[in-house]
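Here the structure of chain A is known, so what remains is to put chain B in place on it, guided by the hints.
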Amino acid sequence: MSIITVQLGQCGNQIGHEVFNAICSDVHGKHGLCSKKENESYQDTCTERFFGEEKAGVPVARAVLVDMEPKVISQTLAVAARSGCWKYDDQSHFCQKRGSGNNWANGYSAHGPKHKDVIMNLIQKEAEKCDRLSGFVIIMSMAGGTGSGLGAFVTQCLRDAFPNSSILNHVIWPYGTGEVIVQNYNSILTLSHLYRSSDALLVHENDVVHKICAQLLNIKQISFKDVNQVIAQQLGSVFQPVYTAESALHYSRSPLGDLMEALVPHPEFKMLGLRNIPQIPENSLAYSTFSWPGLIKHLRQMLIANATMEEGIDWQVRPPCPGSSIPSRHSTSKPLHFNTSIANLVILRGKDIHSADTGSFQDPALYTSWLKPQDAFNLWKTPRAFNKYEKSAALVSNSQFLLKPLDKLVGKAWNMFASKAYIHQYTKYGIEEDDFLDSFTALEQVISSYTTL
Amino acid sequence: VAVGQCGNQVGCRFWDLALREHAAVNKKGIYDEALSSFFRNVDTRSGGDGRDISKGKICSLKARALLIDMEEGVVNEILQGPLRDVFDSKQLITDVSGSGNNWAVGHKVYGCQYQENIVEKLRKTAEHCDCLQCFFIIHSMGGGTGSGLGTFVLNLLEDEFPEVYRFVTSVYPSGEDDVITSPYNSVLAMKELNEHADCVLPIENESLFDIVNKIQQMVNSGKLGSVVKPNSLLTSSASNIKTVQQKPFDSMNNIIANLLLNLTSSARFEGSLNMDLNEISMNLVPFPRLHYLVSSLTPLYTLADVNVPSRRLDQMFSDAFSRDHQLIQADPKHSLYLACALLVRGNVQVSDLRRNIERLKPSLNFVSWNQEGWKTGLCSVPPVGHSHSLLALANNTCVKPTFMELKDRFMRLYKKKAHLHHYLHIDGMEQSCFSEAVSSLSDLIEEYNELDATKSGPGIDPARLKIAV
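Quick mapping for you: the protein sequence lines, in order, are chains A and B. Letter by letter, the first sequence follows residues 1 to 453 of the UniProt record's numbering. Letter by letter, the second sequence follows residues 1 to 469 of the UniProt record's numbering.
Hint data in this document are derived by calculation from the structure and do not stem from the laboratory. Nothing here was measured: the structure is a model prediction, and the numbers come from that model. Be careful, since some hints might not be right.
Taking lysine-lysine and the DSSO-like style, the derived pairs with C-alpha atoms no more than 27 Å apart in a straight line are [stated by the list, open to error]:
| id | chain 1 | residue 1 | chain 2 | residue 2 |
| --- | --- | --- | --- | --- |
| 1 | B | LYS229 | B | LYS28 |
| 2 | B | LYS55 | B | LYS124 |
| 3 | A | LYS30 | A | LYS55 |
| 4 | B | LYS333 | B | LYS361 |
| 5 | A | LYS428 | A | LYS114 |
| 6 | A | LYS428 | B | LYS191 |
| 7 | A | LYS388 | A | LYS351 |
| 8 | A | LYS420 | B | LYS333 |
| 9 | A | LYS30 | A | LYS351 |
| 10 | B | LYS57 | A | LYS97 |
| 11 | A | LYS420 | B | LYS361 |
| 12 | A | LYS225 | B | LYS27 |
| 13 | B | LYS361 | A | LYS225 |
| 14 | B | LYS55 | A | LYS97 |
| 15 | A | LYS420 | B | LYS191 |
| 16 | A | LYS97 | A | LYS428 |
| 17 | A | LYS420 | B | LYS455 |
| 18 | B | LYS333 | B | LYS407 |
| 19 | A | LYS388 | A | LYS30 |
| 20 | A | LYS97 | B | LYS27 |
| 21 | A | LYS55 | A | LYS125 |
| 22 | B | LYS455 | A | LYS408 |
| 23 | B | LYS90 | B | LYS124 |
| 24 | A | LYS37 | A | LYS388 |
| 25 | A | LYS55 | A | LYS129 |
| 26 | B | LYS466 | A | LYS420 |
| 27 | B | LYS361 | A | LYS408 |
| 28 | A | LYS297 | A | LYS381 |
| 29 | B | LYS407 | B | LYS455 |
| 30 | A | LYS408 | A | LYS420 |
| 31 | A | LYS97 | B | LYS28 |
| 32 | B | LYS466 | A | LYS408 |
| 33 | B | LYS121 | A | LYS97 |
| 34 | B | LYS121 | B | LYS90 |
| 35 | A | LYS220 | B | LYS361 |
| 36 | A | LYS211 | B | LYS361 |
| 37 | B | LYS466 | A | LYS404 |
| 38 | A | LYS404 | B | LYS361 |
| 39 | A | LYS97 | B | LYS124 |
One chain only, chain A, in its complex shape:
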């Protein structure tokens, strides 16, 4: 089954491009350290999932590119075509000239309705090219105007037009210290609207990825390209073919649907975080060996201690012991050291997969009480190694990972809102103070829900 990627705004298009690069290089890399048959099955599934018919011998990505200014898309199309490995469909893009001016209201209320038909037509055309459609991945940032505002609008339209397809929004959380001054306004408006139409929000935080580049990958002068490549690798490690528990004989046919089923049992809880291990610079790979017990142990502690990467994990944090007094559900002083989960998905790829033991992830102490651990935890795997790592693990988690960032974001936005700064820029396009209040209310609700886990 196929996934259609919708790339929105500068960020969405830059990242989308790196994602297809990562997928392609994974598929064409070394034979994956597995049997030829296995590798072929992997390649076929991947190709059907992400690429349509070949044009001039080169696979064409199942993607729609949208931006309100032309420079990024024209660059993206050109660079992809030059690669010789894959390309975008020349027709599957839409851009305007004026940009959205970092204004969510402009993206949502002005550009959205104006260009709805054209954009939905492009997506419809891509959908028709698929034998079976698993769903949509929408790549967008929250800080700007197009990705955020138009992204929220397009998600709404997709929900209306494809009520039975899965919709996953891949959302980029901006750096805490501004890229855009009104980023907090744009973010709260985006999140509150996505919560209504999206199935799940898979979040990457710029600050976190930046740290990974600096500390794990030892990159000296970190560019957005570096950041985007790390993000692309992490997404690849989730969306490339795997076997789920149900089907050990063929690769999962419904990757997005399976993801939602595994991770989003309740519509109030849609915020998904992503952790990968290992992440090391390429030139260190030759000197490193990995063991499944080691990787799994680290990944579990990253979950429990809410660590963003495999360095600097706080090993002191433990899940609460069974039988100990459980803090009152309404206590506001509960330290957020221990990261409570609703559901977790671990994806293992590579050698000796059969020897990997993930029992420790089924510890009931990790989870809230309303799901049995065997339902809250899912394991997917494949013996086919991903990219350069002979063993790698990904954790997609519906837990309190994003609680603190969300709380901080809402706090800053509220602070600015109290002074009414910049509001006139939004009311110009019909987004009034009440709309802001609605968004704040919705997000305080989400914060409260995750806090009282």
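Then chain B, alone, in the frame of chain A:
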């Protein structure tokens, strides 16, 4: 739209340097998107007003510009100089007698007289654009034409093209200005800027003069081993500075021209984090009338040795916050930042940007509700002669003293009713024009005052919404 002597002299420098910049980037001579932001490509072979060519080789570039002056001297000189082919006759509006340094003559008399003509020419230039995003007005505040007619044009732009942004580059008069009535002209013009401009970049001659001197010192000092690249000077013209006699204000005007080029660089050229003009307005204007931005440019010149260690890059960021690099005399470090934008050009990455913001943040005061008030842009294409550059735009309460001084100078004249009759006998001018103008200025100063007052206290964050669990 260049209005008046100052406006047109600056405008001339701008077009000169814009051509140089595009020539350096566009090696193949193809008319591309970047060029089309400022220029039309016209087929002049058939003579007269040729058609616009939207793609392919460059045939004849015409500036998307209007040159307006109520005297002929400056515009005529432009039309006789090396830029004559960049403008066509339909872009010019001139008269002979000038405005006599009188805002009222510029605004009321010539405004009325030339209104239809201006509107028609504006419409014509707009029609040639696929997508019109922004108007730039270049003028001075102290005279008659730039100040009066310039602000009249600003009004017209708002009426005729309400959705198009209006950026105004205004040269403010200094204290020792030799035009006695410059305070009147400036304050009358300020009211218009308050009400009709989206963004104003105020410029003071003193600052430009200081920068010119600083560069000159560097060039003359010839420090051991370091040779300054001549075309990298912020003050140099496209033509070789040694052979052509620069006119007195050319160096200073080149600085303003470079300001405009850097401001629009991310809109014209590609980069990893684009910053469009509408984003500047969106992020730097928290309240409609507080739209006056302090600009600073670095570097002023580049040394010929190419190696750029990270330290020199960081120096560029520090310099942007030094008063030596500002285009107006003000003290942002000791006032309150409402917002700040950093537009970086060249081989600079996001980690360099973040490192420097972290480094500089502690020494700057940001308003309580915008502690992380930074807007950033990364454009890959550096300016000619440099490997990288930085334009900082600050919305800071440090403009308040500038406006207060202006108001003082105004009041000194107004109280004595000095030279008032020159204005009042113009049709449409009344005493109320003056009182409304100074009142508008006072209100603006008061808005800055209120924000400054918040600087001292560590405000308590407003209580968040409570949700029933």
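Measure nothing beyond the straight line between the CA atoms of A:LYS428 and B:LYS191; if it is 27 Å or shorter, mark the hint as holding.
-> The given pair, whose Cα atoms are some 22 Å apart, holds under the 27 Å limit.
Proposed proximity, A:LYS129 with A:LYS55 (alpha carbon, max 27 Å) = Distance ~14 Å between A:LYS55 and A:LYS129 Cα, so the pair holds.
Please work out if A:LYS97 and B:LYS28 have their alpha carbons no farther apart than 27 Å.
-> Satisfied, since the Cα-Cα distance of roughly 24 Å is no more than 27 Å.
Take a quick look at whether A:LYS37 and A:LYS388 sit within 27 Å of each other, Cα to Cα.
-> holds (20 Å)
Is B:LYS55 within 27 Å of B:LYS124, Cα to Cα?
-> holds (21 Å)
Would you check the hint for A:LYS211 and B:LYS361, treating anything up to 27 Å between C-alpha atoms as holding?
-> holds (20 Å)
Restraint check for B:LYS466 with A:LYS408, where alpha carbons must lie at most 27 Å apart | holds (15 Å)
Pairwise hint evaluation, B:LYS407 against B:LYS333, where the allowed Cα distance is 27 Å at most = Satisfied, since the Cα-Cα distance of roughly 23 Å is no more than 27 Å.
For the pair supplied as a hint, B:LYS55 and A:LYS97, is the alpha-carbon distance within the 27 Å limit?
-> This hinted pair holds, its Cα atoms lying about 16 Å apart.
Under the criterion that the straight-line Cα-Cα distance not exceed 27 Å, is the pair A:LYS30, A:LYS351 satisfied?
-> Roughly 14 Å between the alpha carbons, so the hint for A:LYS30 and A:LYS351 holds.
Is the hinted pair A:LYS30 and A:LYS55 satisfied, with a Cα-Cα distance of at most 27 Å?
-> Since the Cα atoms of A:LYS30 and A:LYS55 sit roughly 25 Å apart, the hinted pair holds (cutoff 27 Å).
Keeping to a limit of 27 Å between CA atoms, is the pair of A:LYS220 and B:LYS361 held or broken?
-> holds (22 Å)
Going through the hint list in order, the structure satisfies each hint without exception.
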